[in-house]
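These protein sequence lines map, in sequence, to chains A and B.
The letter at position 16 of the first sequence is residue 162 when you use the working numbering, and the numbering goes up by one with no holes.
The letter at position 133 of the second sequence is residue 148 when you use the working numbering, and the numbering goes up by one with no holes.
There may be inaccurate statements among the hints.
[Stated by the list, open to error] Calculated lysine-lysine pairs in the DSS-like style (CA-CA distance at most 25 angstroms, straight line):
#	chain 1	residue 1	chain 2	residue 2
1	B	K45	B	K180
2	A	K149	B	K180
3	A	K323	B	K72
4	B	K186	B	K43
5	A	K676	B	K72
6	B	K186	A	K149
7	A	K481	B	K17
8	A	K672	B	K152
9	A	K672	B	K150
10	B	K43	A	K666
11	A	K323	B	K45
12	B	K186	A	K191
13	A	K149	B	K45
14	B	K193	A	K188
15	B	K150	A	K676
16	A	K676	B	K186
17	A	K674	B	K185
18	A	K672	B	K180
19	A	K149	B	K126
20	B	K185	B	K126
21	A	K149	B	K17
22	B	K43	A	K481
23	A	K149	A	K349
24	B	K193	A	K672
25	B	K185	A	K191
26	A	K149	B	K43
27	B	K152	A	K674
28	A	K674	B	K186
29	B	K186	A	K188
[What the hints assert, rightly or not] Which residues of chain A face chain B? A few of them, derived with a C-beta cut under 8 angstroms, are:
#	residue
30	S257
31	Q262
32	Q265
33	S316
34	N475
35	P477
36	R675
The set of hints was computed from the structure by calculation and includes no laboratory data.
Note that beta-carbon positions come from the ideal geometry of N, C-alpha and C, so glycine has one too.
Here are the chains, one letter per residue:
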Amino acid sequence: MQKVLLGVEAIAQGAIDGGMSGVYAYPGTPSTEITEYIQNNKYAKEKNLHSAWSANEKTAMESALGMSYTGKRTMSCMKHVGLNVAADCFMNASVTGVNGGFIITVADDPSMHSSQNEQDSRFFAKFAQIPVLEPSNQQEAYDMAYSGFQLSEKFGVPVMIRITTRLAHSRSIVELKEVLPENELKLPSNPTQFILLPSIARKQYKGLLNKQKQFEQDAEVSSFNNYIEGSDKSKGIIACGISINYLMENYPDGCPHPVLKVSQYPLPRKLIQKLYDECTEILVLEEGYPIVEEHLKGYMEKENVSGRLNGALPRDGELNPDLVARALNLPTTDKAETSDLVAGRPPALCAGCSHHDVYTVLNKVIADHYTLGRVFSDIGCYTIGALPPYNAINTCVDMGASITMAKGAADAGLVPAISVIGDSTFTHSGITGLLDAVNENSPITIIISDNESTSMTGGQDSAAKGKIEEICEGVGVHPDHIKVLLPIAKNHDEMYKVLKEELDFNGVSVIIPRRVCIQKHARDIKMKRKNLK
Amino acid sequence: MKTNIILAGVGGQGILSIATSIGMAALKNKMYLKQAETHGMSQRGGDVFSHLRISDKPIYSDLIPKGKADLIIAVEPMEALRYVPYLSETGYLVTNTKPFKNIPNYPEVEKVLNQLKKLSNVIMLDADAIAAEIKSKRSMNMVMLGASSPFLNGITYKILQEGIKDIFGKKGEDIVNKNLEALACGKAEADKIITKK
Numbered sequence: 147m148q149k150v151l152l153g154v155e156a157i158a159q160g161a162i163d164g165g166m167s168g169v170y171a172y173p174g175t176p177s178t179e180i181t182e183y184i185q186n187n188k189y190a191k192e193k194n195l196h197s198a199w200s201a202n203e204k205t206a207m208e209s210a211l212g213m214s215y216t217g218k219r220t221m222s223c224m225k226h227v228g229l230n231v232a233a234d235c236f237m238n239a240s241v242t243g244v245n246g247g248f249i250i251t252v253a254d255d256p257s258m259h260s261s262q263n264e265q266d267s268r269f270f271a272k273f274a275q276i277p278v279l280e281p282s283n284q285q286e287a288y289d290m291a292y293s294g295f296q297l298s299e300k301f302g303v304p305v306m307i308r309i310t311t312r313l314a315h316s317r318s319i320v321e322l323k324e325v326l327p328e329n330e331l332k333l334p335s336n337p338t339q340f341i342l343l344p345s346i347a348r349k350q351y352k353g354l355l356n357k358q359k360q361f362e363q364d365a366e367v368s369s370f371n372n373y374i375e376g377s378d379k380s381k382g383i384i385a386c387g388i389s390i391n392y393l394m395e396n397y398p399d400g401c402p403h404p405v406l407k408v409s410q411y412p413l414p415r416k417l418i419q420k421l422y423d424e425c426t427e428i429l430v431l432e433e434g435y436p437i438v439e440e441h442l443k444g445y446m447e448k449e450n451v452s453g454r455l456n457g458a459l460p461r462d463g464e465l466n467p468d469l470v471a472r473a474l475n476l477p478t479t480d481k482a483e484t485s486d487l488v489a490g491r492p493p494a495l496c497a498g499c500s501h502h503d504v505y506t507v508l509n510k511v512i513a514d515h516y517t518l519g520r521v522f523s524d525i526g527c528y529t530i531g532a533l534p535p536y537n538a539i540n541t542c543v544d545m546g547a548s549i550t551m552a553k554g555a556a557d558a559g560l561v562p563a564i565s566v567i568g569d570s571t572f573t574h575s576g577i578t579g580l581l582d583a584v585n586e587n588s589p590i591t592i593i594i595s596d597n598e599s600t601s602m603t604g605g606q607d608s609a610a611k612g613k614i615e616e617i618c619e620g621v622g623v624h625p626d627h628i629k630v631l632l633p634i635a636k637n638h639d640e641m642y643k644v645l646k647e648e649l650d651f652n653g654v655s656v657i658i659p660r661r662v663c664i665q666k667h668a669r670d671i672k673m674k675r676k677n678l679k
Numbered sequence: 016m017k018t019n020i021i022l023a024g025v026g027g028q029g030i031l032s033i034a035t036s037i038g039m040a041a042l043k044n045k046m047y048l049k050q051a052e053t054h055g056m057s058q059r060g061g062d063v064f065s066h067l068r069i070s071d072k073p074i075y076s077d078l079i080p081k082g083k084a085d086l087i088i089a090v091e092p093m094e095a096l097r098y099v100p101y102l103s104e105t106g107y108l109v110t111n112t113k114p115f116k117n118i119p120n121y122p123e124v125e126k127v128l129n130q131l132k133k134l135s136n137v138i139m140l141d142a143d144a145i146a147a148e149i150k151s152k153r154s155m156n157m158v159m160l161g162a163s164s165p166f167l168n169g170i171t172y173k174i175l176q177e178g179i180k181d182i183f184g185k186k187g188e189d190i191v192n193k194n195l196e197a198l199a200c201g202k203a204e205a206d207k208i209i210t211k212k
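Isolated chain A, as found in the complex (with noise of 0.2 angstroms):
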């Protein structure tokens, strides 16, 4: 059976198919439609696969281990970012090993599309000393899900799937295999397998030191990594994921160089060190940081390694089949240059928005009683507040650096401070930064801007819906300084009111103007009617 997939569906349909018992994540592009496809899936719906979201990447990866030592097989998915979030898990799960197969997929967005860094998960996964997959196209994507359980299970660690933006949100027609079962319920053989005190982790780590000439052989007969034969050796190529892609783009009949396609981690090291013997130089080809490149030059700078770190390609940013094509040295058709009258046209917020009606009146409170500066905000929709016409915020770093980061401005001597976070964000990583500015009266006033769903990636369920003000009375903000308002034009009058009486107060406030995202709620009514139908 074939089946016309976006990239992340493929992975989905791939776990699936693999005989998959659930899957964990919290939204993020570019991999949200992973856990929305398994969520939307009839067999998966029938089967009762779990495909609830988390409150973030480390509570999803933690309860995906946990399916794992049942013997389950298991998938997390999350952004590159979200990898960060759930590292703590990451970083000891390779150590712990796993019982049921469990697939880590972690979609990287170099460019930034959508991000705020372009960190390369490869990395991570070599922190972490586990075996990478990096599918080159759809169809590798599906049967990378399908077999990666497999693999898993055959090292006894978890398995990273790292995709890039392009793969992820590109279609293609992929062949699907028959449907495994879930494997039946059998705890772990050892079981003090999962008990990391030091003891017992220094003898599972010493395992996971052993295991890795394993991975590196597997790597070398896998049937992900190809040595592709080629007449001109004055130069082979190693191209890495996708990449092979946009080689072969500009080599419609066949690449005269010898090519070494990667896309299963560690580094086959014989594929490398015969292509390095049989070629005069080597160009690498990776969509990330220049990680196999830095390998090959080593720290002695082999001169004979071009990549991202010559300059051949670029350091940053995605490629393209034009890059490679130069740095091949191939001509392009790459000539005309985009007219001067084409503006950029950033996102926006969406007309009748609830955040617009918190920046204009935050706005409008700061320009009449306090100098710029001193609104920290956080990762969501509300961002777009820092392009014109709002200029409303003056910070954006991680999930839920908003409150923190006004706490340690406060504590600096700039009161008040602000924070401006959306309902999901703050559910995800917020709260344990309230708790710090409660258990010190810190002088912030908190806007938690709640439209009831997790909007930039999709108008996702939130797991904040109904619970913000219990979840803050609990945490400690005293009930007087916990207000709800209704974002409205009309209402403007009364939010300034409120805003200014709390930004007066010296401890901690949280405001909280509540209005479902339109978005959302259109695509509620549209359900609605669907369903009475």
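Dock chain B against chain A, hints included.
Only chain B this time, still in chain A's reference frame:
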């Protein structure tokens, strides 16, 4: 035979429906396809594009090299201009003339249209007006698809119609018919322009 198509517009204008319709037709023809899309932040009113490649042979890159697009379908004129560097020397550009102004520094529309007019193979039409005429403003994208249909190598108008029936079939006969009507209006407009030339 390979056809490289770039679709351009603003988040929310429906370029993915155009891409899906062409993709469906390509599959009916048993062709290969790759379709790179814009998801995420830009979908909130930013510029969005799709690279759609269809071929009778396997396709490598998800992205089209610059200067290699056989067809650009733009549902907004400044977005058409943005992707002109992708157009091949023999390629066609089919664009809506109705601007979508959601930025304060939108250039003078006349200037944008004049630059587009200078291209050798260009079809310009007010697809919003045509969609409004048939009382189906939301079918603007299907008008644009109809206007582009003469330039879809290897995909006949009939197969395109069948693809649309498959995609919108679930939404009921009325929606299918509206989309087919918009498709026909777009095609008629393009045919008129081609004959004049």
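Results for each hint:
Between the alpha carbons of K45 (chain B) and K180 (chain B) the distance comes to roughly 17 angstroms, so the proposed pair stays at or under 25 angstroms and holds. Restraint check: the Cα-Cα separation between K149 (chain A) and K180 (chain B) comes to about 18 angstroms, which is no more than 25 angstroms; the hinted pair holds. Note on K323 (chain A) and K72 (chain B): the hinted pairing holds, with a Cα-Cα distance of about 23 angstroms set against a maximum of 25 angstroms. For a cut-off of 25 angstroms, the pair hint linking K186 (chain B) to K43 (chain B) stands: about 20 angstroms separates their Cα positions.
For the given pair, K676 (chain A) sits about 40 angstroms from K72 (chain B) by alpha-carbon distance, which is inconsistent with the 25 angstroms threshold. Proposed proximity of K186 (chain B) and K149 (chain A) is supported: the alpha carbons are some 21 angstroms apart, at most 25 angstroms. Proposed proximity of K481 (chain A) and K17 (chain B) is supported: the alpha carbons are some 21 angstroms apart, at most 25 angstroms. Distance restraint check for K672 (chain A) and K152 (chain B): the Cα-Cα separation of roughly 18 angstroms lies within the 25 angstroms cut-off, and the hinted pair is therefore satisfied.
As the CA atoms of K672 (chain A) and K150 (chain B) are separated by approximately 21 angstroms, the hinted pair is consistent with the 25 angstroms bound. Between K43 (chain B) and K666 (chain A), the direct Cα distance comes to roughly 34 angstroms. Violation of the 25 angstroms bound is thereby established for this hinted pair. A hinted pair counts as satisfied when its Cα atoms are at most 25 angstroms apart, and K323 (chain A) with K45 (chain B) qualifies at roughly 20 angstroms. This hinted pair checks out: K186 (chain B) and K191 (chain A) have alpha carbons roughly 23 angstroms apart, not beyond 25 angstroms.
With a C-alpha separation of about 12 angstroms, the suggested pairing of K149 (chain A) with K45 (chain B) holds against the 25 angstroms cut-off. At most 25 angstroms may separate the alpha-carbon atoms for a hinted pair to count; K193 (chain B) and K188 (chain A) exceed this at roughly 30 angstroms. Between K150 (chain B) and K676 (chain A) the alpha-carbon distance is near 23 angstroms, which keeps this suggested pair within the 25 angstroms criterion. Pair hint K676 (chain A) plus K186 (chain B) holds up; C-alpha atoms about 10 angstroms apart against a cutoff of 25 angstroms.
Of the supplied pair hints, the one linking K674 (chain A) and K185 (chain B) holds, its CA atoms being roughly 16 angstroms apart against a limit of 25 angstroms. With a CA separation close to 21 angstroms, the supplied pair K672 (chain A) and K180 (chain B) stays within the 25 angstroms bound. Our distance criterion of 25 angstroms between C-alpha atoms is broken by K149 (chain A) and K126 (chain B), whose separation comes to about 44 angstroms. For the hint linking K185 (chain B) to K126 (chain B), the alpha-carbon distance of about 42 angstroms lies beyond 25 angstroms, and the restraint is violated.
Between K149 (chain A) and K17 (chain B), the direct Cα distance comes to roughly 21 angstroms. Compliance with the 25 angstroms bound is thereby established for this hinted pair. A threshold of 25 angstroms between alpha carbons decides the hint, and for K43 (chain B) with K481 (chain A) the separation of about 35 angstroms lies outside it, so the pair is violated. Using a Cα cut-off of 25 angstroms, the hinted pair K149 (chain A) and K349 (chain A) is violated, with the two alpha carbons roughly 45 angstroms apart. Restraint check for K193 (chain B) and K672 (chain A): satisfied, since their Cα atoms lie roughly 19 angstroms apart, inside the 25 angstroms limit.
The suggested pairing of K185 (chain B) with K191 (chain A) holds, with an alpha-carbon distance near 21 angstroms, which does not exceed 25 angstroms. With a CA separation close to 13 angstroms, the supplied pair K149 (chain A) and K43 (chain B) stays within the 25 angstroms bound. Distance check on the hinted pair: K152 (chain B) and K674 (chain A) sit about 23 angstroms apart at the alpha-carbon level, within 25 angstroms; holds. A C-alpha spacing of about 15 angstroms is found between K674 (chain A) and K186 (chain B), which places the hinted pair at or below 25 angstroms, so the restraint holds.
Restraint check: the Cα-Cα separation between K186 (chain B) and K188 (chain A) comes to about 19 angstroms, which is no more than 25 angstroms; the hinted pair holds. At about 12 angstroms, the closest approach between the beta carbon of S257 (chain A) and any beta carbon in chain B exceeds 8 angstroms, and the interface hint on this residue is violated. Because the smallest distance between the Cβ of Q262 (chain A) and any Cβ of chain B comes to about 11 angstroms, over 8 angstroms, the interface hint for this residue is violated. With its C-beta approaching chain B no nearer than about 17 angstroms, Q265 (chain A) sits outside the 8 angstroms limit, and its interface hint is violated.
Satisfaction of the interface hint for S316 (chain A) is found here, the shortest Cβ-Cβ separation to chain B being roughly 4 angstroms, below the 8 angstroms cut-off. Here the hint on N475 (chain A) is broken, as its CB sits about 15 angstroms from the closest CB of chain B, past 8 angstroms. With a least beta-carbon distance of about 10 angstroms to chain B, the hint placing P477 (chain A) at the interface is violated under the 8 angstroms criterion. Because the beta carbon of R675 (chain A) sits about 11 angstroms from the nearest beta carbon in chain B, more than 8 angstroms, this interface hint is broken.
Hint violations for this structure: numbers 5, 10, 14, 19, 20, 22, 23, 30, 31, 32, 34, 35, 36, all remaining hints satisfied.
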